[in-house]
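> Residues per chain, in single letters:
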Amino acid sequence: MAATGLRFRPGTVFPSHAANPSTQPYHHCSPQRMHAAKGRCRLKAQSSNGRPQISASSFRDVVIDGRQSEDGAPEQGGATVSITVVGASGDLAKKKIFPALFALFYEDCLPEHFTVFGYARSKMSDEELRNMISLTLTCRIDQRENCSDKMEQFLKRCFYQSGQYNSEEGFSELDRKLREKEAGKLPNRLFYLSIPPNIFVDVVRSASRTASSSSGWTRFIVEKPFGRDSESSGELTRSLKKYLDEEQIFRIDHYLGKELVENLSVLRFSNLVFEPLWSRNYIRNVQLIFSEDFGTEGRGGYFDNYGIIRDIMQNHLLQILALFAMETPVSLAAEDIRNEKVKVLRSMRKLRLDDVVVGQYKGHSKGGKSYPAYVDDPTVPSGSITPTFAAAAVFIDNARWDGVPFLMKAGKALHTRRAEIRVQFRRVPGNLYRRNIGADLDKATNELVLRVQPDEAIYLKINNKVPGLGMRLDSSELNLLYSERYRREIPDAYERLLLDAMEGERRLFIRSDELDAAWAIFTPVLRELEERRVAPELYPYGSRGPVGAHYLAANYNVRWGDISSDT
Amino acid sequence: MALSCMRCSAGAGNGAGSVRRGAPPAALSLVRCGLRGPAAAVGCRVAAAATAAAAKAVKGAMDAGVENAVRSVAPSKVENGSPSEITVDDFEDLISLSENDESTVTITVVGASGDLAKKKIFPALFALYYEDCLPKHFTIFGYARSKMTDTELRNMVSRTLTCRIDKRENCNEKMEEFLKRCFYHSGQYDSEEHFRDLDKKLKQHEGSRVSNRLFYLSIPPNIFLDVVKCASISASSVNGWTRVIVEKPFGRDSDSSAALTRGLKQYLLEDQIFRIDHYLGKELVENLSVLRFSNLVFEPLWSRQYIRNVQLIFSEDFGTEGRGGYFDRYGIIRDIMQNHLLQILAIFAMETPISLEAEDIRNEKVKVLRSMKPLQLEDVVIGQYKSHTKGGTTYPAYTDDKTVPKNSLTPTFAAAALFINNARWDGVPFLMKAGKALHTKGAEIRVQFRHVPGILYKRSFGTDLDTSTNELVIHVQPDEAIYLKINNKIPGLGMRLDRSKLNLHYAARYSKEIPDAYERLLLDAIEGERRLFIRSDELDAAWELFTPLLKELEEKRIAPELYPYGSRGPVGAHYLAAKYNVRWGDLTTEHKA
Chain A
1 MAATGLRFRP
11 GTVFPSHAAN
21 PSTQPYHHCS
31 PQRMHAAKGR
41 CRLKAQSSNG
51 RPQISASSFR
61 DVVIDGRQSE
71 DGAPEQGGAT
81 VSITVVGASG
91 DLAKKKIFPA
101 LFALFYEDCL
111 PEHFTVFGYA
121 RSKMSDEELR
131 NMISLTLTCR
141 IDQRENCSDK
151 MEQFLKRCFY
161 QSGQYNSEEG
171 FSELDRKLRE
181 KEAGKLPNRL
191 FYLSIPPNIF
201 VDVVRSASRT
211 ASSSSGWTRF
221 IVEKPFGRDS
231 ESSGELTRSL
241 KKYLDEEQIF
251 RIDHYLGKEL
261 VENLSVLRFS
271 NLVFEPLWSR
281 NYIRNVQLIF
291 SEDFGTEGRG
301 GYFDNYGIIR
311 DIMQNHLLQI
321 LALFAMETPV
331 SLAAEDIRNE
341 KVKVLRSMRK
351 LRLDDVVVGQ
361 YKGHSKGGKS
371 YPAYVDDPTV
381 PSGSITPTFA
391 AAAVFIDNAR
401 WDGVPFLMKA
411 GKALHTRRAE
421 IRVQFRRVPG
431 NLYRRNIGAD
441 LDKATNELVL
451 RVQPDEAIYL
461 KINNKVPGLG
471 MRLDSSELNL
481 LYSERYRREI
491 PDAYERLLLD
501 AMEGERRLFI
511 RSDELDAAWA
521 IFTPVLRELE
531 ERRVAPELYP
541 YGSRGPVGAH
551 YLAANYNVRW
561 GDISSDT
Chain B
1001 MALSCMRCSA
1011 GAGNGAGSVR
1021 RGAPPAALSL
1031 VRCGLRGPAA
1041 AVGCRVAAAA
1051 TAAAAKAVKG
1061 AMDAGVENAV
1071 RSVAPSKVEN
1081 GSPSEITVDD
1091 FEDLISLSEN
1101 DESTVTITVV
1111 GASGDLAKKK
1121 IFPALFALYY
1131 EDCLPKHFTI
1141 FGYARSKMTD
1151 TELRNMVSRT
1161 LTCRIDKREN
1171 CNEKMEEFLK
1181 RCFYHSGQYD
1191 SEEHFRDLDK
1201 KLKQHEGSRV
1211 SNRLFYLSIP
1221 PNIFLDVVKC
1231 ASISASSVNG
1241 WTRVIVEKPF
1251 GRDSDSSAAL
1261 TRGLKQYLLE
1271 DQIFRIDHYL
1281 GKELVENLSV
1291 LRFSNLVFEP
1301 LWSRQYIRNV
1311 QLIFSEDFGT
1321 EGRGGYFDRY
1331 GIIRDIMQNH
1341 LLQILAIFAM
1351 ETPISLEAED
1361 IRNEKVKVLR
1371 SMKPLQLEDV
1381 VIGQYKSHTK
1391 GGTTYPAYTD
1401 DKTVPKNSLT
1411 PTFAAAALFI
1421 NNARWDGVPF
1431 LMKAGKALHT
1441 KGAEIRVQFR
1451 HVPGILYKRS
1461 FGTDLDTSTN
1471 ELVIHVQPDE
1481 AIYLKINNKI
1491 PGLGMRLDRS
1501 KLNLHYAARY
1511 SKEIPDAYER
1521 LLLDAIEGER
1531 RLFIRSDELD
1541 AAWELFTPLL
1551 KELEEKRIAP
1561 ELYPYGSRGP
1571 VGAHYLAAKY
1581 NVRWGDLTTE
1591 HKA
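Chains A and B are the protein sequences, given in the same order.
Each residue of the first sequence is one higher than the one before, counting from 1 in my numbering.
Each residue of the second sequence is one higher than the one before, counting from 1001 in my numbering.
Worth flagging that the hints you see were computed from the coordinates, not collected in a lab.
Estimated spans, in silico, between C-beta atoms of each pair:
| hint | chain 1 | residue 1 | chain 2 | residue 2 | range |
| --- | --- | --- | --- | --- | --- |
| 1 | A | 487 | B | 1512 | 24 to 34 Å |
| 2 | B | 1512 | A | 365 | 36 to 46 Å |
| 3 | B | 1422 | A | 429 | 19 to 29 Å |
| 4 | A | 443 | B | 1370 | 32 to 42 Å |
No residue lacks a Cβ here, since even glycine has one placed at the ideal position from N, Cα and C.
Looking at chain B on its own, in the form it has when it is part of the complex (with noise of 0.2 Å):
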């Protein structure tokens, strides 16, 4: 992990080979949550002071000097294993460090006009703000071709703002503070000369404090190699850290993404690379981990002798809209399977980490994906969704679409089984599926368990003893859930057995509000947490899985199944999950339950 800016600048050159240096995230993710330890659960959401100190302290952690201090405390917290010693002395550390406010951050959108950064980056980084998880100096930068002047894109800004439902007291005050801090600079995006401006207002704003700075690519990927190379050399911080998140798509194959981290990696080390994969920011998928690895009763089910298949799936019910542009030259297997549904999948399946931290977690899902065999194409289906007309509305085709070529084969929805060759997933079918313009919109991780063998109640279950197993459902949007289905009995005299949920409904558990994914990951990436970025081998693993099937439906001009607009997608995805014995759980009992 990379806590303080020492390591990009020091050109610590091992990349993502190096996996044990400096602290364990851990004492990041201490720091950002405030006082999360053993002894006082509060998170820096909860209690305003603990917020503050944490903001301090992550400012703390940034200072050139807090490397070692983190260094030298965090691998006795690790090793000795007990965990109440560890965060009062290391805390109040980070806190003394941090009362030099010697360092700054900058966050530079580039593509400051586009829908990303209007919808989601801004008011993200707002988010951060409001709830104090931000440093205290910061500084935040739009960058694009148009001009624009500051006080235009805070109008911009401005309008995508929103302040939390719980919590709205000085909610403009809040926006009035955060939107001093934005400015704007228009540049073209290949030119250094435009960057070096750029870098000379920065250096206004830094002062004479430690630089840190973070470039967002909300922008096309074929000009990602020149915003980094202008970026990198004439924006860089020469005293702080420098990281660019980068966004997909990453390549169109396994050579494409070679390229562009190739390319990347002219201009910068691995670990100034973020690439994000916004699913991982979800809260349900945070919190994968965290129901496997915290509860005794879910790791030992979690095999091959008791799970018979694993189902991903998203669905939208909408389809392109007019935007079909860009999603026509990836597909939906780019778009959502090969990088969301694959992460997913990957922390579902992994080993136990050795530990939390950022290098262990990656190791151990390039494992999974490593172990995967690449897909084949009998174990794929496409479809595209077809014009429809339900209730007097008629919802048009993909190829209706402007933006889309009229004989376009690209598929709007896929589903895929998939295989891990190890030791705890051997003959276990994982299933994805992903479409567009569907009859729902979701996205959710279900868990089917085998049959309890020689049933006592076999009787009650009829001849397929596999439609009454239990089912663990994780939702993860919307409306957030983890329930698991189990047979129980209804009450009554009878000996009646139905299916019920254990039910964890996070709107009636959590009152707060579920951040969204970018706030996340934009703090991980100003906090240098890579846990949720993929590395580069992580991508060229996932690649490799889908890179020959991909080429495979290109080049046989393999031509989708058509789905009605708003259905429930093509009969094919059935008969593929029949094949390996499985029945899709979203299609299936559901919704009687």
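Chain A on its own, in the form it takes in the complex (with noise of 0.2 Å):
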């Protein structure tokens, strides 16, 4: 890819500037203000690899002092930035990619001059996706003011052409539309494909044909499925590269724009307490739990067709597997961090059918009222065997984690919705109070535990003594608790993404050797599973999973953190 975002071209967005810096008035985001500016506005020198140079300097740099300066919105000079949700009349593009973009513009934290367009098959006028968008743009709780000011503005910008996913005309038409809009401005381009898998490179062809950039840059984001086994995804990862290279790929895995998900390597990376405990020494086991409390609801066909394992385990789990667990990178800088990630994923062991349960939630009467099974969806055939949860032990190969197993388990119609990472560390060796903690000192170890959803929260939990004239001990917690601490509303995943994508910081991406990586520790067993035909293990809706996960747990001397103690 061109390499340039739209703050990486000095020489084309500030040509004065950048031929003579020195002489320039002051400019809101000159150059001159890269490095002492605190707040968004930022200039981001990049070589032509697509590799920054400033590693953590993404226009929202780093700052610890709270002081971020308010100067609102950067101002692009020349640049423009267009947005084409393509699919734009589905689910994710209502329920997330439009509220995500206006919640960046109500933050100032888009462009200047920006447009977004809706593309889909089906006929809509400008005004008819406006009123489709409205329904669900909502302001930030704690800053309610100007909100239908800010919401107008926001949908005079926002477009539709209607056109075939597959027709090179269709994009040439969008093109001409998207010239008009550019006026003339360095024209950026980020295409979302919020589309089924089936069409992605039909829409990436035709689209990076004839509706590419002339001069800035075009990217392309894409969302799971990316494929469903080895092949399938190198065969994708085949197609997309002949029309993009790896630059303009953005491959999101919306779990890695999670706050608390984010937060890991700040947690691992700039707190001294944590990292020598970070291996195999101290840490016993590494949980990775996700859990929804509904089933596929009439919406199985999809799902059916993937699994649980695809679903959220091979993508999901595994990269926030792969940030907890990956060495110290050289830099925050994007192909530093996920270089190691990589490394991570090569030194995982395939995944073994023993190391597997997989469980397919059945119906179930409570107080008076009664849920499906997954069969029971029509969307889903009634002999389907797709597994709805999954518990998995995988093991990473390498010096720090030899022997620890990391046990991931997802699930859908649980009896909770959470998504948490809990890492037990081991038994203090030759405890003075062993007599206070009985006979299995693996009950009172430690545990540190980010609950990534809902009620963001970190604790560690630690034995204390119980106030009193006794000598009694329990296991409390040392909490941070982000509603209590942190008053304003946690941005959602999409909107980091989605500004990361305009930025070019790759950071929350998948490059394509680690997709290849996190499809070969899976592939063998989904296939096997498939072969074989396993039966899941059926568990009530609204239950705590299969006991399976219980046997797989203990195989490795583990507990389930969440189901133990508390919640």
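Two chains, two frames, some hints: make the complex.
Next up, the structure:
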């Protein structure tokens, strides 16, 4: 890719400044401010190979002191960005993408000149699109002023173009309209593919040929599924690369945009108290847990083709695992981080069937209400053996993690909705207080919990003396509850990721070799499950999942932290 | 440890040196806290049934016969290390033995009309009684020079008794019952005859039971020896144990402290002397060892490799307020640093003891103290508060106090940097700070960690990486809390970091009231649990660190730096800290966060 972002081209964006920066009048977003400003408005020097030279300098630079400049929207001089949402009438677009774009606009995070285009097959006028979008826009609770003004302004920048997904004609029509809006400014174009995977390649081919930016960058955001296995994923990547450079492909994993997943690296690498503990010497096991408290609810058509392992584990949980377990990267630059993640993934053993438990929810009646089985969903074939629950034990065969079980668990229609990372530490060797703890010393070990959602929190369970004359110990929490500490709303993962894509910050996107490595871990077991037609263990809707998950954990001397002591 | 009277009366003369005798204290605290073993984590505070059993068992433990039983069971517990087996058997043993109900304990508060007795000792005894932690048969005697009847004493005591907020039922009844067991005996402190009279009265109350006697010396230090002499000669228990609780000051320096110890030992064995440091009875000081030794996440960090400095901070927001007579002779270094703060330091820094047994812990503490360099004058800053007017109120200077000599140089504030020359702590400054008439009151331990080497987020932190290091804060009083300051990402699209707290706020987590330090220590003394009391060699080692400095301060008549009443103390404390590249944690970021 052209390696140039919105703000990566001082030569183009600020020709005069770049030519003679010291003599130019101070500019809001000029290069001179690049290092001084604490704000979000920031230039990024980037070399032609797409690797940022200054690591952490996305335009939201790292600042510790809370002094964020309030200088509002970065003025882009001669640049503009157009965001085309392909598949604009779909669910994801309505629920997530447009609201995220508006939130970015509302927060002054979008460039001054921007255009939002919806593209889909259905006939719609701009006005109809705007009506559709406006239904899902909301302002942040903590700053409601001007909400409707802002919405008005935002909607004015939204347009619609209808066309076939495999039609170069439709996209050249789009290109024409985009040019109109870009009005001679340096055009940067972002395509968000919010469409089924079977038409990814069609759209990429048509759009890249006929609607690429002539002088700015053109980027494509794609979302899972990235294939069904190593082969199909490799095939998809090869096809995409026929039309796009690696740098143009932004594979989104929206879990990587979650606040606490972002914070994982901050916790590890900016706190002395954690890093020394981050290895097999101190950590007994790591648990990555995802659960939903609802089933497919009549929308199982897509899901049934993939199953929970492909839908959650191979991507979201595995990505979190990689971030958790990676070695310290050289810098915070995207390529450095992704290099480390790939190393972790490639150090992992291929998942074996013995280390996997699959489940599927069955109908259940509770309190007079009856909940359907997965196969009761009309969009699901009645004999389906697609897992809606899976637990797996994976291992990283490197010096840091040899022998430490990483347990993953993901399921639908469980008793609770949550995503969390649990780090269980080893027991204290030669514990002086063993008489207080009892025979099972592993019950009283420290545990670090990062609750990704809902109700974000970090807590460390420690053994503490219960106040009083006796010497009783209990497990208490050193607690950081986000809603108490931080008043502001936590932005949606999509906001972060969209902004990153516009800024060319690739840290949270998945590189092709990462994807390959991830599939390599899961493909053999997925194939075996299918070839042997392994029947999932049934569990009641709303339960804690199949009991097999406990046996699996017990195999490795682990207790699931979410089900034992606390909530 | 000395579980029972056997030790004292049998004249086990090995004193402090004999470490491994008897049952481990864990057996005792097990008793104290009822069924608190692995199986049933119920404390005596929690379940009334367990409490009664515990109280019985305590009594049982005091029976002369118990020692053998406990001794025979205990070692196997420790050695096979499997905690599940121990409790039940052991516990039943104690209960069965206790059914004889043959022993009694008498607590004699010498100096009963004093302030400490009224404010702390009697209320603590009542609290123990209220919680069923005292043996079934007990008697409390007040002893002082003033003439008073039992009723007058009871009236005096009753004014300061309170029940725990969380269980007020039967409060009045309980008070009545408690007061009925309180008696008074007037006498001179140096009269063997008067103590003999006391002895007679005690015998009346004890009847034919095995008598255990605890004397609490709530009196000025100059009469310690008189009382100990008379009491031990004429009021010692004949068939049970006799213990004496003494409180600071234990001398003014190495010599006088050693003289006091020698004096006490003329009449008492080491095991009979219970030197109280009430800071060691504070909940969070007790918890310090639990934190370190029962959590894997802390111990690996507990060394010079990760810890940059440790701060021990004590502050009061009032001055001597007309009661500076005693204080002026001692000063803040003797009053707070040499004992309370140094004791906390020793517990903080000690190596892992072999067990939780008193002698094992005290051995480790002595090792720390003996590894320390005596304080140098240049590592100490002293201050004295001066008068200050704020918001129309004028606060007096220390020397305005009528009980203080006009030209007194006695420090009301001191800061010191200490070092432990051992493998774990070489080069880590331990900073102490103690002062009166400061802007705040509290006691806390702050552990500042080093900065992250090769930190990836250095751009976020600016040039001074030490401003954003992790810090573990143990808030001893008031408002007990433990928190760990961590760097965290501020939620939002940017990558801004801040320092947040992983917090354990006691008031939020534990609804119960936290017992007063004196309750714990009195109970320990009754039970013979010596873990929280200061052994003679510990005291010697502590004085050795401070004596040269104290002598030098006095000989050179070093003038304290004046600081305004209600301020943050003299600026010299900051220079001292800066010399070792330390910022006082209580004065910097804290209140922003």
